[in-house]
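Asks: Residues per chain, in single letters:
Protein chains: 2
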Amino acid sequence: MPVDQSLSLNGRSIIGFSDSSDCHESSKAIDPSTGNEIEPPFFHASSSEVEWAIQLASDAFEFYSKTSGEERARFLEEIATQIEAIGEILTPRAMQETGLPEARIKGETGRTTGQLRLFAQVARDGSWTQARIDTAIPDRMPLPKPDIRSMLRPLGPVAVFAASNFPLAFSTAGGDTASALAAGCPVIVKAHSSHPGTAELVARAIQAAAEKTGMPDGTFSVLFGGGRTVGSTLVAHPLIKAVGFTGSTSGGTALMKIAAARKEPIPVYAEMGSVNPVVLLPDAVAKQSESIAAGLHISATMGVGQFCTNPGVVLVKSGDAGDALVRSFTEKMGETPAQVMLNPTIQSAYQSGVSAMESTEGVATLVSKAPDSSGNSCLGATAVFETDTTQFLSNETLSQEIFGPGTTIVRWSEKSDLLQALERFEGQLTGTLHATDKDLEEFSEALPILERKVGRIVYNAFPTGVEVCHSMVHGGPFPATSDGRSTSVGTHAISRFTRLIAYQDSPQSLLPDELKNGNPLGLARLEDGAFVLGS
Amino acid sequence: MPVDQSLSLNGRSIIGFSDSSDCHESSKAIDPSTGNEIEPPFFHASSSEVEWAIQLASDAFEFYSKTSGEERARFLEEIATQIEAIGEILTPRAMQETGLPEARIKGETGRTTGQLRLFAQVARDGSWTQARIDTAIPDRMPLPKPDIRSMLRPLGPVAVFAASNFPLAFSTAGGDTASALAAGCPVIVKAHSSHPGTAELVARAIQAAAEKTGMPDGTFSVLFGGGRTVGSTLVAHPLIKAVGFTGSTSGGTALMKIAAARKEPIPVYAEMGSVNPVVLLPDAVAKQSESIAAGLHISATMGVGQFCTNPGVVLVKSGDAGDALVRSFTEKMGETPAQVMLNPTIQSAYQSGVSAMESTEGVATLVSKAPDSSGNSCLGATAVFETDTTQFLSNETLSQEIFGPGTTIVRWSEKSDLLQALERFEGQLTGTLHATDKDLEEFSEALPILERKVGRIVYNAFPTGVEVCHSMVHGGPFPATSDGRSTSVGTHAISRFTRLIAYQDSPQSLLPDELKNGNPLGLARLEDGAFVLGS
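Residue numbers (numbering that gives the first Met the number 0), protein chains in the order written: chain A, 0 to 534; chain B, 0 to 534.
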């Protein structure tokens, strides 16, 4: 049955098919546009509730990990349907909790349901398992060759930490949840305290989908909790086998430390900070100054700059053409009104970052508005700073992220300065080049540096707008993420929550369908060294 | 040119195309069959030599990471050819350093060269890169879809720690080196102090192959060193991007800690300990008692028990059929002469493990010979212990590895005892079942437990003998390995030393060939969601 449209929030953690609120501590969401609390209170999960959710997930794993790709596909598709069914109550609640406009929430809902359906396709197809078969050669000399078959199998229960900046697409039913569920792993989400109502609504949609499609109790839970206790307990628990996280560097590295210190260390996929350097090369600037400035302005202010792929540092050659571009960009940024940020914590961190830049030696402030002292204190005003490569290279805080609509422009003169500045960056989600063919030839040394530093190289476009598709990589070397081998967006993400298992001389009846003779699932697999496509 | 057949060892670290011995500290290999030192001394790498090798590897990365799969294939094939060319000096030296017999060293050489050639095939084919293309849809509403392409690219310089128990196949030109070089990563090997001469000979073969096939200086280095200083320095160095290790749990976890504490944490693939539980189910035992006992004896004593996949714990049902099997196995083990172990450290650890078992309450010693007090002290004598599930469940040391030809038999009565005992195991490389169809039906609960615990499930065979092929998984959950998502044997291993990179709207000329339009390399890739096979 569809979720009840008149559903009212009850603020209780959702543990499998049950609700629970052992604990009397609670907190409420805050409407960032007014600063007012929003009803109802959300009860923090108690340690026994955390334990219950984990035990249930671990019990569910045995059955859930053995469901077919088709069964998981139907579950994911039903989640998408259930989320769509509550659009009328979900959209206003998400808007109220995040300050994000209706079009963005609706667009993000579409992205979230599209992502669930894409992972459903991947689960149904089954080729993601990297099934491989090497058949036996019983008379091989000097020793017989056994029959070996292997594939990716789900790791176990996964803890997912929702992000504040994408209350749907990187939250309760976001990419980590979709990919873990698609792989066959039960999921326990630690809801973000910034949008608990949105989390509860989406969790009920998932709960309803799990019941409707016959998934075991405990396949999915959501826990509410203030502070870091619930999250730390989850990550430290022996039955949790992997962690997905999107958020701050301090939060992500804290989880990495807990995971590494466990008796059995587990993988943590934390997506943390990034300044997403944008390199504007001179011939492109000479030819496209105005359109680059306009595109950069849109990218830098989209979502009040609260995107992981926000272009935080832009490298522009000194000289007239660059000056014109900077002038145009600065003008647009100056005219952009302050907008409501996601929550007071993010707003105050942004304001501190801006203030620190304003008083940094060798940094000129091109745009910066005084914080609003009357009325709403959660507004984020655009800021633009300018410096040069000498300053940039001597002060490593200039390559650190200021999460929000602030951009630092770094002017360079010689190619060698640009290359040195690129070398200075730590791992990044993206690196962008605006370049003509002439630029690419002249600055060919820039590309291998970017390749070492980033997860995605963007040509003549902007880093925001992360396409959900098979080839997307939303990852990058530390500290952009905890594990640069992987991606949190796109279908490659399904392999994060898996490990390889081989079956030697297994009876056909005990093999997963992916590995059976005759390729009953019709998937792409490697048979005796040759790729074959299924039906 | 082929390696000079009259090559004499000089004991100097091999740093790219140079030799070096800054440091006056040195150590010699020991012939475990006599206890005598073997000439020449091997000079420990100084800190400046370690730094030199790392800088050279980092410089080499820029070129080497851009070589084609075909170029790397020729390099790997040339390494195999060069190793074959020095067989006449390599075999006796390896025998002398390890105590292993000629047939084993020759067999292992063949496995090593076969492995290099298999990775050459994989590099040449290119499908391992998981190339994916999503083409642009410029008129998509509301936003254009960009062109996104992604593939696995090499991580950077890799530190490889050679294992003592496979002086060729898991050492200087072993699986980790072959897979890292195939992926496009320069390699620095920390030679195992137990077979430095073998390491130098193989390193010279790799050096000759690198020169002959035009690989950059620093693509490959070998460092000698006593203690853990050289290794720790390698793993802590910012320019090292991944670690491969095969050895003890203490060694592996020490490297994991160093890697996790770095400013930029890096992946460590450590293959550590495993007892490889073998479950003998009653109907199989009733029907195949003698052949199981014979096969188990061969598996347990192969290589003097010094295999990662040695069957250390065997679970046998109590009763007559099981008694007969245990009697037959015990008899064969009792008749097996003591043999030379790899080195005194391993021998003394084995002897301590055996002595501890002999004095463990509730454990019966079925076979154990007094250590040889005269003559060669490096002999490993077979040992067989017997206990029951009650003892096994109450004493966790009984599920710990004793590296060598010792086997612990655990007798169980009820199915529930067996399942509880299986639950007790930590992560394992392998789990083996001897079972008829009737057994598999009756004990169906055993399989999901094993699936959670191991990297490879073996039916009606034995865990030793790890086939090098596409589908092999030689891995398993911690503590069998540091990272159960991966394998150290078989072609899947190439992806360990890689990360995903995406290219958005890239000019064709700047794309790797794997991602170009028209599929010039003819590899299997995913194009707009559909698998295609190349030419």
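Hints should not be assumed to be uniformly reliable.
[Stated by the list, open to error] Quick look at which bits of chain B chain A covers, simulated, 3 or more residues with Cβ under 8 angstroms:
1) 95-101
2) 127-136
3) 148-160
4) 263-271
5) 450-459
6) 480-487
7) 493-507
[What the hints assert, rightly or not] Some but not every residue of chain B turned toward chain A, in silico, with C-beta under 8 angstroms:
8) E61
9) G250
10) A253
11) M255
12) L439
13) E441
Everything labelled a hint here was simulated from the structure, so no lab data went into it. Note that the structure is a prediction, hence the values are computed from the model and not measured. Beta carbons are placed, not taken as given, at the ideal position from N, Cα and C, and that holds for glycine.
Asks: Next, verify each hint and record whether it holds.
Replies: Hints, one by one, checked against the model:
{"no.": "1", "hint": "95-101", "in the structure": "violated (count 0)"}
{"no.": "2", "hint": "127-136", "in the structure": "holds (count 4)"}
{"no.": "3", "hint": "148-160", "in the structure": "holds (count 5)"}
{"no.": "4", "hint": "263-271", "in the structure": "holds (count 3)"}
{"no.": "5", "hint": "450-459", "in the structure": "holds (count 9)"}
{"no.": "6", "hint": "480-487", "in the structure": "holds (count 6)"}
{"no.": "7", "hint": "493-507", "in the structure": "holds (count 10)"}
{"no.": "8", "hint": "E61", "in the structure": "holds, 6 angstroms"}
{"no.": "9", "hint": "G250", "in the structure": "violated, 16 angstroms"}
{"no.": "10", "hint": "A253", "in the structure": "violated, 13 angstroms"}
{"no.": "11", "hint": "M255", "in the structure": "holds, 7 angstroms"}
{"no.": "12", "hint": "L439", "in the structure": "holds, 7 angstroms"}
{"no.": "13", "hint": "E441", "in the structure": "violated, 14 angstroms"}
Checked against the numbered hints given earlier, this structure breaks hints 1, 9, 10 and 13; the rest are met.
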